Amino acid sequence: MKARAFSYFRAGTIEEALDTHARAGDDARFIAGGQSLVPALALRLQAPRLLIDINHIDDLRGVRCEGEWLRIGALTRHCEMLTEPLITEFAPLLRAAAPFVAHPAIRNRGTLGGSVALADPASEFPAMMLALDAEIEIAGASGRRRVRADDFFVDLFETAVGPGELVTAIFVPLFRSNQRVCFDELARRRGDYALVGCGMLATCKDGVIEAIRMAFFSVGNVPTRARTAEAVLSGVRIDAERIATAQAALDGDLAPPESDEVPPAMRLHLARVLLGRMLGRLGEAA
Amino acid sequence: MSSDIDEAEEAVRVRFIVNGSKVTCAVAPRDTLVDCLRNSLELTGTHAGCEMGACGACLVQLDGRAVHACLMFAVQADGARVDTIEGLSESGAIADLQAEFHRRNALQCGFCTPGMLINAHELLARVAEPSREAIRDALSGNFCRCTGYEAIIDAIAAVAEARVDRAAQEREAASR
Ligand SMILES: Cc1cc2nc3c(=O)[nH]c(=O)nc-3n(C[C@H](O)[C@H](O)[C@H](O)COP(=O)(O)OP(=O)(O)OC[C@H]3O[C@@H](n4cnc5c(N)ncnc54)[C@H](O)[C@@H]3O)c2cc1C
Ligand code: FES
Ligand code: FES
Chain H
1 MKARAFSYFR
11 AGTIEEALDT
21 HARAGDDARF
31 IAGGQSLVPA
41 LALRLQAPRL
51 LIDINHIDDL
61 RGVRCEGEWL
71 RIGALTRHCE
81 MLTEPLITEF
91 APLLRAAAPF
101 VAHPAIRNRG
111 TLGGSVALAD
121 PASEFPAMML
131 ALDAEIEIAG
141 ASGRRRVRAD
151 DFFVDLFETA
161 VGPGELVTAI
171 FVPLFRSNQR
181 VCFDELARRR
191 GDYALVGCGM
201 LATCKDGVIE
211 AIRMAFFSVG
221 NVPTRARTAE
231 AVLSGVRIDA
241 ERIATAQAAL
251 DGDLAPPESD
261 EVPPAMRLHL
271 ARVLLGRMLG
281 RLGEAA
Chain A
1 MSSDIDEAEE
11 AVRVRFIVNG
21 SKVTCAVAPR
31 DTLVDCLRNS
41 LELTGTHAGC
51 EMGACGACLV
61 QLDGRAVHAC
71 LMFAVQADGA
81 RVDTIEGLSE
91 SGAIADLQAE
101 FHRRNALQCG
111 FCTPGMLINA
121 HELLARVAEP
131 SREAIRDALS
141 GNFCRCTGYE
151 AIIDAIAAVA
161 EARVDRAAQE
171 REAASR
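So the protein lines, in turn, are chains H and A. Heads up: the first sequence is residues 1 to 286, going by our numbering. Heads up: the second sequence is residues 1 to 176, going by our numbering.
Keep in mind the hints are simulated off the structure, nothing from the lab. Any given hint could be a false lead.
When the alpha-carbon atoms are kept at most 25 Å apart in a straight line, the in silico SDA-like pairs for lysine to any residue are as follows [stated by the list, open to error]:
| id | chain 1 | residue 1 | chain 2 | residue 2 |
| --- | --- | --- | --- | --- |
| 1 | H | Lys2 | A | Phe16 |
| 2 | H | Lys2 | A | Asn39 |
| 3 | H | Lys2 | A | Thr24 |
| 4 | A | Lys22 | A | Arg38 |
| 5 | A | Lys22 | H | Asp53 |
| 6 | A | Lys22 | A | Ala93 |
| 7 | H | Lys2 | A | Gly79 |
| 8 | H | Lys2 | A | Gly49 |
| 9 | H | Lys2 | H | Phe157 |
| 10 | A | Lys22 | H | Asn55 |
| 11 | H | Lys2 | A | Arg38 |
| 12 | H | Lys205 | H | Thr245 |
| 13 | H | Lys2 | A | Ala28 |
Every value quoted in this text rests on a predicted model; they were computed, and no experiment measured them.
Here chain H stands alone, though its shape is the one from the complex:
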């Protein structure tokens, strides 16, 4: 099927993109990588009258350190997560997650801002925002603001980004030498959306986990932190007993929805298996 007819506008600046959207109202969509939007248009799940192309806005590009933060422009492509040295050094969890996002040609075009703005609960990067305690910068009619990932994901495909607003950058706290990251997912086939996945960031001292953030995806309407399991692991050394306690705690943290293919109990089981594997690895690295 083909997209319904629409008009096309190539924005050169953030202001131009916002103004154009404001004038077009509900009938406009921003297009970044288009790797989710174009299939949605082809299926006519969406039929906007205007597409505003943000690919040529320089302010949305680039990765750089700003004080205690790594600023990753919204247009940073998934493939750059694999090759950009600043990401490897200062946001290694994104580097670890990137090979699991779609296929190489899709990664060449898909953007971090698009992935986070779309907030597909099965996507890797939105959950990594939670694990990293990242902040999402949003530009709108009333200027720019930064929203913590913990407050960003509201409900299914619903985020703190208001109508006609633009995600401009992602701010990730700089990775420190006493931190460890771990990423893994269970999928039927490499490149497919995960049945369950998780990213974690631990701050360690002498083999003890001082603090840990763990974010799961594909287990509910929004990426979800496993807060009880995090509490179980804080201030301890990871051992088999702790792993079992954390696995049990997931029952209270995650509530997978009903689905025909993967019943909630099975998804929870897979989440426990995944957590066990990841904590095993993290324990060795701590």
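Fit chain A with the ligands to the given chain H structure using the hints.
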């Protein structure tokens, strides 16, 4: 809404460099790049399968990177460089890959082959000697309904090895 964004449902002009030549064509904004290549420019080597990003038949190079021509609109390519399977064939850039696919029967109907070749070309440009695992991973978005993937992976692995050997020989010859 101002006229510049309201009226553009009719055809717009796109200029780009396709296989090294400057091209201008008129497209509707909703025409995908694969539509434009096949229908307007009659470059039918780029195939349209799922038109959803799932099968990989439509891969082309956009400014040197493999992308799905079904997942972008032709207007978006305005000002860009597009290289299709025709261009890569004519330039000889993938002659060794094509010969090896042929030699190893790595195609039957050939529908998936252009996308497979473009993906393989990009992979070998990035990684000189990828493992079979890495080749599989790179091809994970390309569907082949006929051949199965073993012969395709064999062909890509063989070309990688041959290119590495040739580069080593050339280095040796140069140092002599
Ligand atoms: C076959 C296939 C497999 C895939 N597998 C995976 C996978 O395993 N994991 C995964 O995470 N993704 C996967 N994807 C999706 C892909 O990664 C997309 O790149 C990503 O989800 C969306 O990013 P985009 O830049 O392409 O956004 P687009 O498709 O351009 O936009 C998506 C939505 O976000 C909005 N938007 C985009 N950028 C901004 C911005 N800066 N500010 C505000 N709104 C914005 C758009 O208006 C649109 O509503 C897959 C896609 C395909 C086709
Ligand atoms: S036609 Fe583009 S991926 Fe199938
Ligand atoms: S050769 Fe027929 S689809 Fe691959």
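Status of the hints after comparison with the structure:
1. Proposed proximity of Lys2 of chain H and Phe16 of chain A is supported: the alpha carbons are some 23 Å apart, at most 25 Å.
2. Restraint check: the Cα-Cα separation between Lys2 of chain H and Asn39 of chain A comes to about 14 Å, which is no more than 25 Å; the hinted pair holds.
3. Between the alpha carbons of Lys2 of chain H and Thr24 of chain A the distance comes to roughly 23 Å, so the proposed pair stays at or under 25 Å and holds.
4. Restraint check for Lys22 of chain A and Arg38 of chain A: satisfied, since their Cα atoms lie roughly 17 Å apart, inside the 25 Å limit.
5. For the hint pairing Lys22 of chain A with Asp53 of chain H, the CA-to-CA distance comes to about 23 Å; that is within 25 Å, so the pair holds.
6. Between the alpha carbons of Lys22 of chain A and Ala93 of chain A the distance comes to roughly 20 Å, so the proposed pair stays at or under 25 Å and holds.
7. At roughly 24 Å between alpha-carbon atoms, Lys2 of chain H and Gly79 of chain A fall within 25 Å of each other, so this suggested pair holds.
8. With a CA separation close to 13 Å, the supplied pair Lys2 of chain H and Gly49 of chain A stays within the 25 Å bound.
9. Distance hint between Lys2 of chain H and Phe157 of chain H is fulfilled; the C-alpha atoms sit about 23 Å from each other, no more than 25 Å.
10. Restraint check: the Cα-Cα separation between Lys22 of chain A and Asn55 of chain H comes to about 22 Å, which is no more than 25 Å; the hinted pair holds.
11. Restraint check for Lys2 of chain H and Arg38 of chain A: the C-alpha separation of about 15 Å stays at or below 25 Å, so the hint holds.
12. The hinted pair formed by Lys205 of chain H and Thr245 of chain H meets the criterion: a straight-line CA distance of about 21 Å does not exceed 25 Å.
13. Restraint check: the Cα-Cα separation between Lys2 of chain H and Ala28 of chain A comes to about 12 Å, which is no more than 25 Å; the hinted pair holds.
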